[in-house]
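**Student:** Please work from the sequences and hints to get the whole structure.
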Amino acid sequence: MSAPVATPSPSAQALREAFGADIERIAVSCGDTIVYVRRERIHDVLAWLKDSEGQEYDYLTDVTAVDYRDPERPLEVVWQLRSLRRKADLRLKVALDKSVPLEVPTCWDLWRGANWLEREVYDLFGVRFAGHPDLRRILMWETYQEGHPLRKEFPLRGHFSRAEQTRQALAVNPEAHYSLEELSIADAYRNLPQDMRERLRRGERGGPE
Amino acid sequence: MPTTTDATVVSSMSPSWVTTRLDFLANWARTSSLWPMPFGTACCAIEFMATAGSRFDLSRFGMERMSFSPRQADVLICAGRLPFKLAPVIRRIWDQMPQPKWAISMGACASSGGIFDNYSMVQGIDTIIPVDVYVPGCPPRPEGLMYGILLLMKKIRGESFTDDMLRVETLVGPDGLYLPPERIDELSEPFGNSVSQTRST
Numbered sequence: 014m015s016a017p018v019a020t021p022s023p024s025a026q027a028l029r030e031a032f033g034a035d036i037e038r039i040a041v042s043c044g045d046t047i048v049y050v051r052r053e054r055i056h057d058v059l060a061w062l063k064d065s066e067g068q069e070y071d072y073l074t075d076v077t078a079v080d081y082r083d084p085e086r087p088l089e090v091v092w093q094l095r096s097l098r099r100k101a102d103l104r105l106k107v108a109l110d111k112s113v114p115l116e117v118p119t120c121w122d123l124w125r126g127a128n129w130l131e132r133e134v135y136d137l138f139g140v141r142f143a144g145h146p147d148l149r150r151i152l153m154w155e156t157y158q159e160g161h162p163l164r165k166e167f168p169l170r171g172h173f174s175r176a177e178q179t180r181q182a183l184a185v186n187p188e189a190h191y192s193l194e195e196l197s198i199a200d201a202y203r204n205l206p207q208d209m210r211e212r213l214r215r216g217e218r219g220g221p222e
Numbered sequence: 007m008p009t010t011t012d013a014t015v016v017s018s019m020s021p022s023w024v025t026t027r028l029d030f031l032a033n034w035a036r037t038s039s040l041w042p043m044p045f046g047t048a049c050c051a052i053e054f055m056a057t058a059g060s061r062f063d064l065s066r067f068g069m070e071r072m073s074f075s076p077r078q079a080d081v082l083i084c085a086g087r088l089p090f091k092l093a094p095v096i097r098r099i100w101d102q103m104p105q106p107k108w109a110i111s112m113g114a115c116a117s118s119g120g121i122f123d124n125y126s127m128v129q130g131i132d133t134i135i136p137v138d139v140y141v142p143g144c145p146p147r148p149e150g151l152m153y154g155i156l157l158l159m160k161k162i163r164g165e166s167f168t169d170d171m172l173r174v175e176t177l178v179g180p181d182g183l184y185l186p187p188e189r190i191d192e193l194s195e196p197f198g199n200s201v202s203q204t205r206s207t
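Taken in sequence, the protein lines are chains A and B.
Residues in the first sequence are numbered consecutively from 14, following the numbering used here.
Residues in the second sequence are numbered consecutively from 7, following the numbering used here.
Keep in mind the hints are simulated off the structure, nothing from the lab.
Keep in mind that this is a model prediction, so the values were computed, not measured.
Only true hints are included.
Chain B side only, calculated, beta carbon under 7 angstroms to chain A, not exhaustive:
id: 1; residue: K91
id: 2; residue: V178
id: 3; residue: S194
We treat Cβ as the ideally placed atom computed from N, Cα and C, and that holds for glycine.
**Tutor:** Below is the structure:
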C-alpha cells in the first residue's frame with residue numbers, strides 16, 4: 014500500500030478563499046487538516062464553517078489547548094469540528110502569544126456544548142473566552158488558588174506545600190457546588206416555560222384554575 | 007491474714023476478669039459484623055466489588071451489608087486514589103460515622119498517593135483521616151483486601167475499653183488540619199521514583 018497522500022481537506026481551500034490572509038497556515042498531520050486562524054477572526058470562521066453550504070460542520074467535538082515546553086512558543090487553542098452529515102473532520106487552531114492576556118472569543122453561541130469545554134480550558138490553561146456565559150472553574154474547585162495546572166510553568170506538585178494544599182482542600186464545603194443552591198432564582202426563572210412565567214408575574218402561586 | 011489475701015485476690019483478679027470478658031464479648035460482636043462504608047474512587051473499587059462478590063464472598067466475615075450511609079457504618083474502606091477535591095468529602099463521611107469506627111486504606115494511591123505525585127492528589131489518606139490498616143497493591147487482589155480485613159479484625163480483638171485513647175475523635179482543629187502541618191509535609195514527601203521527578207519546585 015502506498016502512503017496516504019497529505020492532501021488538505023477541501024474546507025481548508027474554501028476557508029482560504031473566503032477569509033484570505035486571516036487563514037495563517039494550513040498543515041496536514043496524520044491525515045488531519047489543521048487550519049491556523051488569526052485570533053480576531055476565529056469566531057467568524059467557526060460560524061462560517063457551521064452554517065455555509067457545503068461545509069456544515071454541525072458538531073463541535075472538542076475545544077482544548079496545547080502549551081508547549083518551549084516557553085517562546087505560543088499557546089494554541091484547538092477546535093475540533095465534525096460534520097455529521099458529510100462525515101468530515103477539521104481542526105482549527107489559534108496561536109496565543111503568552112506575553113499578553115490569553116483571550117479568544119467564545120463559540121458557545123454556535124454550539125451550546127462549548128460551555129463546559131471552554132470552562133475546562135479556562136480552568137486548566139487560564140485562557141479566557143470572551144462572551145462565555147459562565148466562565149468558572151469546572152474540574153478544580155472554585156476556590157482553588159494555585160493557578161492553571163496544565164500550563165508548563167506550573168510545578169507538577171503545585172505551588173503550595175502539601176500541608177497548605179490539604180488545609181485549603183479541607184476548608185472547602187463539599188456540598189457548595191453540587192446542590193440546587195448553585196442555581197440562582199433568577200437563572201431558574203429565565204428557564205421556566207412562558208406560561209409559567211406569566212402566571213408567576215401575576216403573582217399566582219397555585220396551579221391553573 | 008486470710009482476709010488480706012482475699013482482698014488482694016478480689017482487687018487484682020475480679021475487675022480485670024470482668025473487663026476482659028466484656029472486651030471479649032464486645033470485640034466478638036464488633037468483629038463478626040463489620041459493616042463497611044465503601045468509598046470507591048478508582049480501580050481498587052473494582053477489586054473491592056470482586057471481594058464482595060460470590061467468589062471471595064465478604065459475607066463470610068459478616069460484611070455483606072454494605073453501608074452506604076456513614077451513620078450505620080463501622081469501617082471506611084477507601085478504595086482508590088483521593089484527589090484534594092474529595093478530601094473534604096471523605097473527611098465529612100468519617101466525621102459522620104459513629105464510634106466505634108475504623109478505616110482501611112486500600113491500595114497504593116489511597117495509602118501514599120501512589121503514582122500520582124502531583125498537584126491534585128492527596129499523598130495518603132492518613133493526612134485526612136486516621137487509618138487502621140493499609141493494604142498495599144495496585145490494585146490489591148481480593149486476597150490482599152481480605153488479609154487486611156482479617157488484620158483489622160485481629161486489631162479489634164485486641165482492643166480494650168479501659169484504653170482511654172481508643173475512642174478519641176481526632177477532629178479537624180482550628181488550623182484546618184487534624185495533624186500538625188509539618189507531619190503532613192513529612193507524610194507527603196516524595197519517595198521511590200518520584201524523588202527523581204525534576205519538574206517540581
